[in-house]
Amino acid sequence: MIRKLAFAAFAGALIASTAAFAVDTTPTKGAPNLTAVRAAIKAKQFPAAVKELTGMIDAGVQHADVYNLLGFSLRKSGDQKAAMTYYAKALDFDANHKGALEYQGELYVELGEVAKARVNLASLEKLCPTGCEEREDLEKALATVAKTN
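Residue numbers (my numbering): 1 to 149.
Treat the hints loosely; a few may be bogus.
Label-pair distances were calculated between CB atoms; the ranges are [to be verified]:
1) I57 / A143: 32 to 38 angstroms
2) G112 / G60: 32 to 38 angstroms
3) V119 / K51: 29 to 35 angstroms
Note that these hints are calculated values from the structure, not bench results. Small disclaimer: the values here were computed from a predicted structure and weren't measured. C-beta: ideal position from N, C-alpha, C; glycine also.
Whole structure, please, built from the sequences with the hints as guidance.
Next up, the structure:
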């Protein structure tokens, strides 16, 4: 149990240092203006981002970018379960959402579910055969886990 907790803490810290601020991923088509949300996330003001994004959803906004950034903000706030729910919603709206595939994959790594993270990486490899930031960030997260095992 202690080893599993130590692994989770290590993986979480590592991911935070390597890919925590990949919120500069290109917004997808038809996305609402998320400039203020992205600024809050970059400033590590995750509760403010959660409040803004939740307000958008409550107002009827349904978009993969909103769900993805809400998942990211919740994960960085420590609510992994809710984060997983919103990453899934983002992928329901857009199964090829690179940001959601990356962030969900990073969460899988944090949870020690490496096989699931590799499935997300395989999707990113198909979407970005010559590479993209999301693919590279998830590859880094998986590579660091491989070094610890």
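For each hint, the structure was consulted:
{"no.": "1", "hint": "I57 / A143: 32 to 38 angstroms", "verdict": "holds, 34 angstroms"}
{"no.": "2", "hint": "G112 / G60: 32 to 38 angstroms", "verdict": "holds, 37 angstroms"}
{"no.": "3", "hint": "V119 / K51: 29 to 35 angstroms", "verdict": "holds, 32 angstroms"}
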